[in-house]
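**Q** Take a look at the letters that make up each chain.
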Amino acid sequence: MEIKDLIESGSLELYVLGALPENEARQIDNLRLVNTEVNDEIMRIEDAMISFAAQQAQKPDAALKNKIAAQLTFAEDEQTQPQQKATPAPETIMVTMVPSFYRYGIAASILLAVALGVSTFYYYSKYTDANQSLLAMRSEQNVMANQVKYQQQETDKVKNQLAVVSNPTNKAVVLKGLPIAPQAQAVVYWNNETGQAYINAANLPQIASNQQYQLWAIVDGKPVDMGVLDKDSTFGVMKDVKGAVAFAITLEPLGGRPTPTLEKMYVLGNV
Amino acid sequence: MEQPVKYTEELLYTELKAKSKKAFEYLYDNYSPALYGVLFNIIKNEEASNDALQEVFVKIWNSFESYDPARARLYTWMINIARNHAIDKLRSKAVKTDRNLKNDKEYAAQANPAVMLFTDGIGLQKLIDELDNEQREIIEILYFKGYTQTEAAEELNIPLGTVKSRVRLAVNKLRKHFL
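Respectively, the protein sequence lines represent chains A and B. Read in this note's numbering, the first sequence has -11 at position 2, and its numbers run on one by one without any break. Basically this note's numbering = 1-based index in the second sequence + 50.
Derived by calculation from the structure, the hints in this document are not laboratory data. It should be emphasised that the depicted structure is a prediction, and the values quoted were computed from it without experimental measurement. Among the hints, erroneous ones may be present.
[As the list claims (entries may be wrong)] Which chain A residues face chain B? A few, computed with CB under 10 Å, are given here:
id, residue
1, Ser(-2)
2, Glu11
3, Gln14
4, Asp27
5, Arg31
6, Glu63
[As the list claims (entries may be wrong)] With a straight-line cut-off of 27 Å between C-alpha atoms, the simulated DSS-like cross-links for lysine-lysine are:
id, chain 1, residue 1, chain 2, residue 2
7, A, Lys229, A, Lys163
8, A, Lys226, A, Lys146
9, A, Lys163, A, Lys251
10, A, Lys218, A, Lys158
11, B, Lys72, A, Lys54
12, A, Lys52, B, Lys176
13, A, Lys52, B, Lys72
14, A, Lys163, A, Lys136
15, B, Lys109, A, Lys54
16, B, Lys69, B, Lys94
17, B, Lys223, A, Lys(-9)
18, A, Lys52, B, Lys223
Built from N, CA and C at the ideal position, the CB exists for glycine as well.
All chains should be built: construct the whole structure from the sequences, respecting the hints.
**A** Below, the structure is given as structure tokens:
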């Protein structure tokens, strides 16, 4: 049922008058807790019924107030009255029937049970807290470990590059841009004794994802494949080559080709 | 008598639960005329209403534990206790004097609802004039006699939906009156 329909239905009036069946009244009890529109309407109906009752108000016999007060127990009375005169609560009756040493025993057990309950709860919350902190610290530790690992890898890379670049037996061959890309440049570090070769290709134009640069050596007047350049890194280890007189880089389909596409040669350098 | 403190309903409730005598004084001074009025309008006998007021206050005093502020305001809760108490009294009296519920209702139906409903006062008279007979009847039967919706439908021989729409109209008129 729509809220508006419920409000218009007259059920809320019956609710305030206590004329609804129990199950329907409980539904409205729950509904008014979550729906302010319903709750406001109920309050307004209550206001009307309160005013209605007030309209019928009549002062009762003046003597009634004291008569009623005499039948009630007040907190103030309980405090001032001696203990024996106070109306005994059911619990007190039970306890007074038990011999006193048992009473202390029972009291002690109850205290102990309560204390145990409280401390269990206390330590359990402590335990939960600690557990959560531990988990948080562990994940933090993982993040830091990964960072350290990454830094280590980066450092190793730089060290390797530096070793290659600063090795006097390595020859740095500068590859210069050709008309297709005049600004392009790359450097091949090559050990002509061992044949080991490295590429620094920081200054090559951006290429599409389905393309890849490929390094070639010119040996005996023929191009020799030295492998494709890593797309994610500007410095790389290439295939060994001996007897090279020049190096060149061409643009090829992803994965490279067995022979260079000469019209797509970007840079070239003589040894 | 000491000047009573002004309580909000919430504070009053807290104090009443703690069985404070000051709170009782406040409760009695502020609510007893309304409660007595409700009792008298249903029981229609001064002595019986005096007894009922005492019983209702003792009942209220001992039932604060069961009062749920989320379900009704304190005022409404107490008025409902008074209403139900008065209605129970009437019904048990009806049983004692061998008048069953049906007879009691016949008796009520014969009487002029306007006279049944309201004792005196110009404000009340104005209020009666604003309700039509059907609306007076439904207030009489639900408010003063404490019938459930099903009992009301049977008694008046009208569908449940009509009970609902009539009570809605009647309470709306009361609301407008008290606006």
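**Q** Against this structure, judge whether each hint is valid.
**A** Against the structure, the hints:
For A:Ser(-2), the interface hint holds, the least distance from its beta-carbon to any beta-carbon of chain B being 6 Å, beneath 10 Å. With 10 Å as the threshold, the beta carbon of A:Glu11 comes within range of chain B, its nearest partner Cβ sitting at about 9 Å, so the hint holds. With a least beta-carbon distance of about 12 Å to chain B, the hint placing A:Gln14 at the interface is violated under the 10 Å criterion. For A:Asp27, the interface hint is violated, since its Cβ never comes within 10 Å of a Cβ in chain B; the closest pair sits about 13 Å apart.
For A:Arg31, the interface hint holds, since its Cβ comes within 10 Å of a Cβ in chain B; the closest pair sits about 6 Å apart. About 5 Å separates the beta-carbon of A:Glu63 from the nearest beta-carbon of chain B, less than 10 Å, and the hint is met. The straight-line distance between the Cα atoms of A:Lys229 and A:Lys163 is roughly 21 Å, inside the 27 Å bound, and the hint therefore holds. Note on A:Lys226 and A:Lys146: the hinted pairing holds, with a Cα-Cα distance of about 20 Å set against a maximum of 27 Å.
For the proposed pair A:Lys163 and A:Lys251, the alpha carbon gap of about 14 Å is at most 27 Å, so the pair holds. A distance of roughly 24 Å separates the Cα atoms of A:Lys218 and A:Lys158; the hinted pair therefore holds under the 27 Å criterion. With a C-alpha separation of about 16 Å, the suggested pair B:Lys72 and A:Lys54 falls inside the 27 Å cut-off, and the hint holds. Restraint check for A:Lys52 and B:Lys176: not satisfied, since their Cα atoms lie roughly 32 Å apart, outside the 27 Å limit.
The straight-line distance between the Cα atoms of A:Lys52 and B:Lys72 is roughly 13 Å, inside the 27 Å bound, and the hint therefore holds. Restraint check for A:Lys163 and A:Lys136: not satisfied, since their Cα atoms lie roughly 36 Å apart, outside the 27 Å limit. Restraint check: the Cα-Cα separation between B:Lys109 and A:Lys54 comes to about 14 Å, which is no more than 27 Å; the hinted pair holds. For a cut-off of 27 Å, the pair hint linking B:Lys69 to B:Lys94 is broken: about 31 Å separates their Cα positions.
With a CA separation close to 19 Å, the supplied pair B:Lys223 and A:Lys(-9) stays within the 27 Å bound. With a C-alpha separation of about 34 Å, the suggested pairing of A:Lys52 with B:Lys223 is violated against the 27 Å cut-off.
Against the hints set out earlier in the document, violations occur for numbers 3, 4, 12, 14, 16 and 18.
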